[in-house]
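Assemble chains E and F onto chain V, guided by the hints.
Heads up: the protein sequence lines correspond to chains V, E and F, in order. According to the numbering used here, the residues represented by the first sequence are 1 to 396, in order. According to the numbering used here, the residues represented by the second sequence are 1 to 396, in order. According to the numbering used here, the residues represented by the third sequence are 1 to 396, in order.
Bear in mind the hints are in silico, worked out from the structure with no lab data behind them. Please note that the accuracy of each hint is not assured.
No copy labels: a pair is met if it fits in one copy or bridges any two.
Unchecked claim - Pairs of lysine to any residue residues, derived as SDA-like cross-links and limited to a Cα-Cα distance of at most 20 Å, are as follows: (1) K392 to S53; (2) K392 to V382; (3) K358 to P150; (4) K15 to L31; (5) K323 to Y357; (6) K202 to S70; (7) K21 to Y132; (8) K21 to D32; (9) K323 to N262; (10) K392 to E58; (11) K138 to K358; (12) K387 to E58; (13) K358 to H141; (14) K358 to Q145; (15) K392 to R55.
Residue strings, one per chain:
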Amino acid sequence: MSNLNSLIDGLKNLKNELYEKDFLLTWEKSLDDLKIVLGVAETLKCLRDNNISTRIFESGIGVSQFRDNSTRTRFSFSKACDLLGLYVQDLDEGKSQVAHGETVRETSNMISFLAEVIGIRDDMYIGAGNTYMREVAKSLHEGHQEGVLPERTTVVNLQCDIDHPTQSMSDLLHLKNYFGSLENLKGKKIAMTWAYSPSYGKPLSVPQGIIGLMTRFGMDVTLAHPKEYKLLPECMEVAKKNAGLSGGKFTYTESMEDAFKNADIVYPKSWASFEVMEKRTDLLKKNDNEGLKKLEKECLAQNATYKNWECDEAKMKLSKNGKALYMHCLPADITDVSCKAGEVSKSVFEKYRVETYKEAGFKPYIIAAMILTSRIKDPVKVLTMLKERNIKRILG
Amino acid sequence: MSNLNSLIDGLKNLKNELYEKDFLLTWEKSLDDLKIVLGVAETLKCLRDNNISTRIFESGIGVSQFRDNSTRTRFSFSKACDLLGLYVQDLDEGKSQVAHGETVRETSNMISFLAEVIGIRDDMYIGAGNTYMREVAKSLHEGHQEGVLPERTTVVNLQCDIDHPTQSMSDLLHLKNYFGSLENLKGKKIAMTWAYSPSYGKPLSVPQGIIGLMTRFGMDVTLAHPKEYKLLPECMEVAKKNAGLSGGKFTYTESMEDAFKNADIVYPKSWASFEVMEKRTDLLKKNDNEGLKKLEKECLAQNATYKNWECDEAKMKLSKNGKALYMHCLPADITDVSCKAGEVSKSVFEKYRVETYKEAGFKPYIIAAMILTSRIKDPVKVLTMLKERNIKRILG
Amino acid sequence: MSNLNSLIDGLKNLKNELYEKDFLLTWEKSLDDLKIVLGVAETLKCLRDNNISTRIFESGIGVSQFRDNSTRTRFSFSKACDLLGLYVQDLDEGKSQVAHGETVRETSNMISFLAEVIGIRDDMYIGAGNTYMREVAKSLHEGHQEGVLPERTTVVNLQCDIDHPTQSMSDLLHLKNYFGSLENLKGKKIAMTWAYSPSYGKPLSVPQGIIGLMTRFGMDVTLAHPKEYKLLPECMEVAKKNAGLSGGKFTYTESMEDAFKNADIVYPKSWASFEVMEKRTDLLKKNDNEGLKKLEKECLAQNATYKNWECDEAKMKLSKNGKALYMHCLPADITDVSCKAGEVSKSVFEKYRVETYKEAGFKPYIIAAMILTSRIKDPVKVLTMLKERNIKRILG
Chain V
1 MSNLNSLIDG LKNLKNELYE KDFLLTWEKS LDDLKIVLGV AETLKCLRDN NISTRIFESG
61 IGVSQFRDNS TRTRFSFSKA CDLLGLYVQD LDEGKSQVAH GETVRETSNM ISFLAEVIGI
121 RDDMYIGAGN TYMREVAKSL HEGHQEGVLP ERTTVVNLQC DIDHPTQSMS DLLHLKNYFG
181 SLENLKGKKI AMTWAYSPSY GKPLSVPQGI IGLMTRFGMD VTLAHPKEYK LLPECMEVAK
241 KNAGLSGGKF TYTESMEDAF KNADIVYPKS WASFEVMEKR TDLLKKNDNE GLKKLEKECL
301 AQNATYKNWE CDEAKMKLSK NGKALYMHCL PADITDVSCK AGEVSKSVFE KYRVETYKEA
361 GFKPYIIAAM ILTSRIKDPV KVLTMLKERN IKRILG
Chain E
1 MSNLNSLIDG LKNLKNELYE KDFLLTWEKS LDDLKIVLGV AETLKCLRDN NISTRIFESG
61 IGVSQFRDNS TRTRFSFSKA CDLLGLYVQD LDEGKSQVAH GETVRETSNM ISFLAEVIGI
121 RDDMYIGAGN TYMREVAKSL HEGHQEGVLP ERTTVVNLQC DIDHPTQSMS DLLHLKNYFG
181 SLENLKGKKI AMTWAYSPSY GKPLSVPQGI IGLMTRFGMD VTLAHPKEYK LLPECMEVAK
241 KNAGLSGGKF TYTESMEDAF KNADIVYPKS WASFEVMEKR TDLLKKNDNE GLKKLEKECL
301 AQNATYKNWE CDEAKMKLSK NGKALYMHCL PADITDVSCK AGEVSKSVFE KYRVETYKEA
361 GFKPYIIAAM ILTSRIKDPV KVLTMLKERN IKRILG
Chain F
1 MSNLNSLIDG LKNLKNELYE KDFLLTWEKS LDDLKIVLGV AETLKCLRDN NISTRIFESG
61 IGVSQFRDNS TRTRFSFSKA CDLLGLYVQD LDEGKSQVAH GETVRETSNM ISFLAEVIGI
121 RDDMYIGAGN TYMREVAKSL HEGHQEGVLP ERTTVVNLQC DIDHPTQSMS DLLHLKNYFG
181 SLENLKGKKI AMTWAYSPSY GKPLSVPQGI IGLMTRFGMD VTLAHPKEYK LLPECMEVAK
241 KNAGLSGGKF TYTESMEDAF KNADIVYPKS WASFEVMEKR TDLLKKNDNE GLKKLEKECL
301 AQNATYKNWE CDEAKMKLSK NGKALYMHCL PADITDVSCK AGEVSKSVFE KYRVETYKEA
361 GFKPYIIAAM ILTSRIKDPV KVLTMLKERN IKRILG
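Next up, chain V with everything else stripped away, as it sits in the complex:
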């Protein structure tokens, strides 16, 4: 329990600006805010590991809205809500009247009476997902101001077209645990690289989120991808600026090998270029199925010219002592397991499989921390109360 005390103490000198704020992009948050989210997540984990209930709500609702398929994040959101005592009500647009011409403003208010948080995944359309979240957030803000909503229900971004903050923050917590501290991440080289996959249309939010976040902590962030697989220009700018401010580095290369060279961490993952995603967005909006099929075919053909962008044993040998930490948001396209040729070879993946599972295991706590800090003004006080209240999570 000394660990628990030191975790809570660690939160005390940080300036907290998270209360009643949405969590949409990590680069809109101060360094202190990011550290608070990490610290609250660790404290919640420590409490649960010591069989102490983290239920801060006797009743309350968390709303989820998934505009794209999801298993991991859906479960992580549910678990985060459950950790805090919230019941999850899913907004399934197929079953609702949302499609029948309701305004976002109205729906946002209607689903938010008595709700603490809305978690939204909306990552299919470039230029749309984050915009939608901001529209919801604005509606909730106004609804609260106007006396419609008793609380300022907040929005948590469960993946959009720009960022995937619950993923990147879980990844960061994993790195903090793996290397011992945030301080230890300074100067560590992380290779965020594109990798081959026999599929197309994967969102850009993970690589964008990683380069936008890891540059905050003085890391040496190297982005690698074939020239066609560009990220959003504004995300590149963010990463550049962050690296400058934190004393880190942000470099770009068109060689996976270069990126792996001497890397402490590698994050090989497939994505589509933002230009392709923009074309796809247009075609989806027009319901142009012929166009979509044509685009897919072209993209798969282009992908296929980069089959050598696989994270295999040879490339791993280039990394620091041949032992870089392999990361992935999962599910990975594993050669000879989930496909004939993919992002990572079977042997590399299997070596790091347990680590990737642990990486994923932080997500419920990160989401819970985002909810808690948006709804609780003084997290130190409340976490201390949880510790002292000492209600067993499991009776016995």
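Below, chains E and F without anything else, positioned relative to chain V:
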């Protein structure tokens, strides 16, 4: 907290006949019962506004069954259940075996072990929705008598072909708040009027519910619709009778302007006539798609002859001091927002938008009050216990 | 409450090997383990009947995965979870990425962070359902060993191709209650017989589960079916062996009348033969719709030659004093109610209808007992704490 005490005190002299009873039609309930539901709803709201937990169940299930799409009521039911500590299990007939020939009696019993309440929406078929609810309620009653069900699980009508009591009671609570008291509603003129919408097949339960409920409180209820848009004759009878007993008035006019004249409250809303709904019910039962298309076309053509039935600034000027309270169950068909021409002009709606949101915000509390009073014999005692127990809803 | 004390006392001398174990087949469990599950189920029921909360989890998740339709078991699982304080998160493969090539191992781990239990129904494919459950269980075991999962999340079989333990154990608890004790079941004759139904493809798990379980308790188990409707050979072996060990009997007959003769209990239910199920499994895997239609046609024709296998008044007269207890897992195919000719006549079913409902009512408690015993090392201690803690389930 003095408000809390006076709310609880206000419940003390009312005769309570709600325990172990279903809530199907407001006109089956005594005036005292209606006042208890309002009072319990207000008390629950006051408790929550003071951060006091309203959790009366440590465990327990609320079952929802939506035989028609729903966002608002689905969320309201979930929130009502959560307020009281109940977990919601949805009966999705698509995923169940219900469609495979099970009797209503059996299913009703099977889903109700350990369940406190079943909330049902069944509003598509004239003559069917309320009938189905009664069949479920009868099965639950027998199941309880026979020792199958440990509790008399109760049914709450979340909208049927006849009434929409959770809506009309929320509307009443909104009026009580807006005008200060139920007493103040006496003599107030409410215009429940048909309005144009470019759609057809909207249920009759809202206008029927409004004329059936508001006539209980001495209001001057004016129903207005084009001659083709008749409500169910039995609902007209109910309203007439209620007005006689309460010292109110119930009048009918075929002019929207007449209805608005000097009105304190206007409730302009589209609906289909019961004759159309009966035809539609027949065609739906026969799966006669051709017939349905033809009926829709005819109805839309008929609708179109009444496009001037829009709640616009000119008509609002006819109301009491030009300032009648505009009400709607939402979503409204707003001209130039959700359609080219609809129930209400953009400017009128925007003026009252926040009020309509607040109106909707009462629904979770009304449903919670209906559940609480059907499951708790002595609400005054239990609400007092909640107050004195004083468990914080949010820790802090 | 003396009943409560004696129920808890009854658990004290039993050797408990249920902790951190999956519940997949009753015949993998010791007699003591089965008695513990029954006893815990009864204790939970007694606590709830005395309005004492059985919430042992302040937070926690139960995952459900239904690979076949279900109403009863879905509701029973939810209620079991709710009884213990768990929130249910359903794994809907349609909405998830499971179908996109994820390995079972990965998904099992991903959905199980912070989850106490996964309840799985997978009964469509011979040779597949139980196998899948074991694969999930193995993944969870490894995940726990590897430090990925903080708890050894356990698997509860909610029906597979081999056994239906939550059904057979509920049936056993019903029998225990009906006849007064497990001891009283010794020597009682139970006729598990095939019955005619105008449908095909019904799983074999219920008859297999019944002959596998009831032979453990010294019962005289008679299996009857037309020669074509064979059960899995390994299940026949299990029943034979069990009967030998318990001092019971296991016999097979091709005559429904023989089986009913002098029976204390009759359980007439339709099923497909395992050979048909194997053929169907192959065709389903091949998506051979023509083959499936042909198979269905053949099977229905074969079924029709056994229309006289109906549990009617005449056959009931053959049973012990003409008063055997009729059992069914529901829904039954009732002649002149749910079909023209079915498993049971209307008059027989109606006579025993309430008993079959009560039989079904044990299932939430059986599932809750399976979860509790897999997650709690010392159930006697925890049940005693629940009793002494004495928190009201409903306030009042």
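(request) Mind listing which of the numbered hints don't hold for this structure, in increasing order? (result) none
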